[in-house]
Amino acid sequence: EAGVVQSPRYKIIEKKQPVAFWCNPISGHNTLYWYRQNLGQGPELLIRYENEEAVDDSQLPKDRFSAERLKGVDSTLKIQPAELGDSAVYLCASTVISGANVLTFGAGSRLTVL
Amino acid sequence: AQSVAQPEDQVNVAEGNPLTVKCTYSVSGNPYLFWYVQYPNRGLQFLLKYITGDNLVKGSYGFEAEFNKSQTSFHLKKPSALVSDSALYFCAVKDNQGGKLIFGQGTELSVKP
Numbered sequence: 018e019a020g021v022v023q024s025p026r027y028k029i030i031e032k033k034q035p036v037a038f039w040c041n042p043i044s045g046h047n048t049l050y051w052y053r054q055n056l057g058q059g060p061e062l063l064i065r066y067e068n069e070e071a072v073d074d075s076q077l078p079k080d081r082f083s084a085e086r087l088k089g090v091d092s093t094l095k096i097q098p099a100e101l102g103d104s105a106v107y108l109c110a111s112t113v114i115s116g117a118n119v120l121t122f123g124a125g126s127r128l129t130v131l
Numbered sequence: 005a006q007s008v009a010q011p012e013d014q015v016n017v018a019e020g021n022p023l024t025v026k027c028t029y030s031v032s033g034n035p036y037l038f039w040y041v042q043y044p045n046r047g048l049q050f051l052l053k054y055i056t057g058d059n060l061v062k063g064s065y066g067f068e069a070e071f072n073k074s075q076t077s078f079h080l081k082k083p084s085a086l087v088s089d090s091a092l093y094f095c096a097v098k099d100n101q102g103g104k105l106i107f108g109q110g111t112e113l114s115v116k117p
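Chains A and B, in that order, are what the protein sequence lines are.
Following the working numbering, the numbering of the first sequence begins with 18 at its first residue and continues without gaps.
Following the working numbering, the numbering of the second sequence begins with 5 at its first residue and continues without gaps.
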């Protein structure tokens with residue numbers, strides 16, 4: 018089966034520009050996560066969806082970040098406007114249900130803000 | 005609040021020697037514990053998990069981990085390291101009531117021939 022698909026893999030933008038990342042989870046996975054990974058650090062949770070509902074967005078900087086998961090399948094993470102400190106890898110992961118099930122990660126989208 | 009600590013930024017091992025990557029955690033209730041590996045420019049790959057039962061968990065690529073409740077630790081081990089094991093390793097914890105998976109800072113494993 019296809020894994021978690023993310024695009025774009027790489028994005029370079031200037032500060033104050035908008036950027037969007039897309040994630041297609043594994044078919045049938047109802048739980049979707051967006052993580053941010055700074056260089057040399059562990060992933061930090063931004064938002065978690067159960068189907069189309071955001072059940073944990075406490076770590077999402079809502080002044081500039083937004084996310085949606087229409088129809089409980091694909092998801093988009095947007096940053097507007099981007100700041101220098103947003104340079105990171107944005108990881109999407111999915112799993113069948115929450116609990117002890119294993120998250121499957123995509124390859125990530127590397128953002129560089131100049 | 006949940007937390008995970010990986011006290012070593014880097015672990016260096018000679019090929020063929022045993023390796024240990026350390027992890028301690030803090031969580032309310034019984035934890036679900038995971039190890040993931042990340043190769044350069046790749047996403048995280050699952051290695052193994054502990055939910056309940058036997059404290060020694062076996063996973064992919066010959067890795068295993070030992071759950072120690074009294075020491076709140078979940079160290080990753082392998083009896084004989086390979087050069088191809090060189091990568092970034094992350095420990096993660098989830099409490100058994102919520103869905104938030106918290107990662108440690110990561111440990112870079114370097115295996116030299």
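Note that these hints are calculated values from the structure, not bench results.
Among the clues, some could well be false.
Claimed, not checked - Heads up, simulated DSS-like pairs for lysine-lysine below, C-alpha to C-alpha not over 30 Å straight-line:
#1 K104/B with K79/A
#2 K104/B with K26/B
#3 K28/A with K79/A
#4 K95/A with K33/A
#5 K116/B with K81/B
#6 K81/B with K104/B
#7 K28/A with K104/B
#8 K79/A with K33/A
#9 K32/A with K95/A
#10 K104/B with K88/A
#11 K95/A with K116/B
#12 K32/A with K79/A
Earlier hints that do not hold, by number: Hint check: 11 fails alone, others pass.
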